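Each protein sequence line maps, in turn, to chains A and B. Each step along the first sequence adds one to the number in the working numbering, with nothing skipped, and position 177 is 177. The working numbering runs 290 ahead of the 1-based position in the second sequence.
For the record, the hints were derived by calculation from the structure and aren't laboratory data. Note that this is a predicted model, so its numbers are computed, not measured. Please note that the accuracy of each hint is not assured.
[Stated by the list, open to error] Result set (DMTMM-like, lysine to aspartate or glutamate): computed pairs, CA atoms no more than 25 angstroms apart in a straight line: (1) A:K151 with A:D233; (2) B:K438 with A:D181; (3) B:K384 with A:D181; (4) A:K183 with B:D386; (5) A:K183 with B:E363; (6) A:K183 with B:D366.
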Amino acid sequence: MASIGVPIGDFIANEEAGIDRPMPLAGARKKRRRFSLWRFIVLFVAGAYFLIPIFAGLKFSLQDISGRFSFQAIQNLPSAPGFSGAFWLSMRLAIVTLVVSILLMVPTTIYVHLRLPRMRRLMEFITILPIVIPPIVIIAGILPAAPLWAKSSPYLLSFLYVILSMPFIYRSLDAGLSAIDLKTLVEAARSLGASWLRTLTQVILPNLRPALLSAMVLTLALVLGEFTMASLDLWTTIPVWIVQFNTASSGHVQTAASMLGLIGTWVFLTIIVSIDRSESRKSRRKTGTL
Amino acid sequence: MTNVNEVATSLPLTHTPPASGSRVELDQLVRVYGSVRALDGFSLTIEPGEFVALLGPSGCGKTTVLRQIAGFEQLDSGRVLVNGQDLSNVSAQKRDMGMVFQSYSLFPNMNALNNVAFGLRMRHQRSSQRLAKAAEVLEMVGLSDQAKKYPHQMSGGQQQRVALARALAIEPQVLLLDEPLSALDAKVRAELRDQIRMLQKRLSITTIFVTHDQEEALSMADRVCVMSKGRIEQMATPAVLYRHPNTAFVAQFVGVSSRVPTLYRGGSVDIFGQACTVRGDERPTEGAEVDAILRPEDLTIEPDPQGIGFVTHKSFLGATTRLVVQVRETPVRIDVRSDQGEELELGAHVNVKVISRDVLVAARVENSATQTA
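Whenever a hint applies, use it, and build me the whole structure from the sequences.
In structure tokens form, the structure reads like this:
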């Protein structure tokens with residue numbers, strides 16, 4: 001067997017030439033074991049950092065007031081005052097945000113890639129601004145300036161969430177578009193008689209699916225977890241409800257709501273990834289290259 | 291493995307060829323990018339069913355010409371006419387051009403069959419009809435067994451053949467080939483080159499082929515258009531282009547040549563002590579310093595210990611061997627029979643003689659004494 005770190009060509013050449021060299025196998029194994037151990041330690045620490053708070057939250061949400069194991073908090077959640085209103089508002093905002101973001105950012109990103117490639121740096125800078133500027137500054141600036149009809153609608157929040165989600169959507173789409181030869185694909189489709197709309201729907205979007213899905217998951221997670229803007233605009237979304245809900249057992253119910261939000265996002269992510277994987281598997285099976 | 295050429299010739303051609311190819315006229319095309327004139331009054335007429343290669347160095351404007359014909363870019367001025375119809379303001383979608391790109395351009399989300407059927411779908415053909423036709427064209431390029439495969443499951447050569455099938459399936463007015471072979475390895479490139487030429491002849495489709503590879507251009511095209519700085523240097527058949535280049539640029543770009551500095555006197559130039567008449571209508575002024583441009587086969591050598599030059603390099607090319615002979619300060623390339631070449635050692639002294647009746651001359655280039663192409 002060719003040893004680790006020795007090119008197979010060199011190894012064969014040395015074997016043929018009868019060169020008797022010490023095999024660095026044991027040393028390499030030792031090094032690899034030490035390396036694996038470090039990797040395991042890093043993985044363990046990082047895993048603990050993320051999982052311990054989640055585990056603690058989950059444990060707490062599955063306990064009653066006396067500390068015994070119970071599903072009571074989760075069972076009480078749908079009937080908790082204001083929960084269903086907050087839940088559906090969050091869902092509506094998430095859907096509107098997703099639709100507006102995709103409609104706005106997909107054509108923009110494609111246009112920048114196709115016609116204004118020199119503007120990509122500027123676009124990156126613009127889209128990163130919502131991360132640099134705190135949400136409280138954005139909402140404090142928007143509220144006095146927005147007309148009354150906009151302030152009286154919860155969907156003003158959706159348009160603000162579009163701004164907040166811009167870095168995630170733009171970067172996902174930018175990465176997706178960079179991974180394909182966009183210009184050639186568009187030109188090929190156009191020369192074959194496809195209109196711009198058909199080029200977009202039948203050639204570009206199917207090849208952007210993974211990027212679109214990741215952009216959607218990130219946007220959904222952001223909308224379902226945003227508190228500052230919703231609170232200042234006086235709309236009770238799920239995060240606002242979690243903070244405002246206050247009863248004797250509210251801690252357990254609030255934590256259960258947070259856990260459900262987290263699990264809901266994971267489930268959504270898992271479904272999307274599974275659909276994507278099963279599609280690729282199907283295509284491979286069809287062509288017999290499984 | 292199936293020989294693609296056999297496939298192309300042996301299959302019955304049920305794919306309807308156009309009655310005859312389209313006539314393409316490019317009239318005074320101008321395209322300017324900033325301060326660069328990519329096309330500078332470029333005019334060209336291509337006869338129906340003709341295979342024309344646009345050949346030139348990088349940046350000479352050949353791809354710009356193709357993109358103008360395809361409708362991917364706006365002209366600053368000039369007209370593109372196909373069968374007399376002005377397409378200058380018609381979008382790429384409606385020009386009815388089949389194009390094969392340099393990079394692999396198959397749609398990654400579609401298998402080979404659907405890629406080929408895409409153009410037919412855009413023409414609203416019924417599903418059964420378009421799939422049958424796509425299968426037929428795929429068979430024509432010898433890839434019917436790859437119909438269900440996705441681009442990432444095919445080799446580069448197979449992908450380019452599918453791209454060719456996709457372009458041919460729509461029965462375009464003009465087939466545009468933008469260096470489709472440049473990303474392929476030598477063996478596949480040679481196979482696909484022959485297949486493209488064979489299909490083009492059988493379908494009588496007007497074809498414009500952009501390449502920087504002179505071997506491809508000379509071996510495939512009916513006529514070759516050599517371009518430089520957005521203009522045509524010379525448009526001729528491959529044989530004429532090689533044997534009778536109009537300009538020094540063409541002589542140097544097409545084939546191999548050596549520049550030998552000399553003086554023009556009395557209608558002839560002196561090359562290694564031999565008076566040679568000057569080819570072409572344009573004559574230099576009397577006494578002008580010029581470069582004679584010589585092909586390797588224009589010269590011959592005789593071993594001579596007192597000879598004027600000595601062999602500095604030998605390249606075995608099969609039947610012939612190419613020698614580089616240093617004559618004073620000028621390296622000269624000369625082709626000899628390989629058995630003769632084998633007898634000559636590096637450093638051997640030789641005499642060099644010009645065997646062609648006349649030679650092409652060009653204005654002296656500063657470092658021509660050391661220049662070969």
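Structure-based check of each hint:
Restraint check for A:K151 and A:D233: satisfied, since their Cα atoms lie roughly 8 angstroms apart, inside the 25 angstroms limit. Under the criterion of a C-alpha separation no larger than 25 angstroms, the hint pairing B:K438 with A:D181 is consistent with the structure, at around 22 angstroms. For the hint linking B:K384 to A:D181, the alpha-carbon distance of about 23 angstroms falls within 25 angstroms, and the restraint holds. Distance check on the hinted pair: A:K183 and B:D386 sit about 19 angstroms apart at the alpha-carbon level, within 25 angstroms; holds.
For the hint pairing A:K183 with B:E363, the CA-to-CA distance comes to about 13 angstroms; that is within 25 angstroms, so the pair holds. For the hint linking A:K183 to B:D366, the alpha-carbon distance of about 22 angstroms falls within 25 angstroms, and the restraint holds.
Violated hints are absent here; each numbered hint is respected by the structure.
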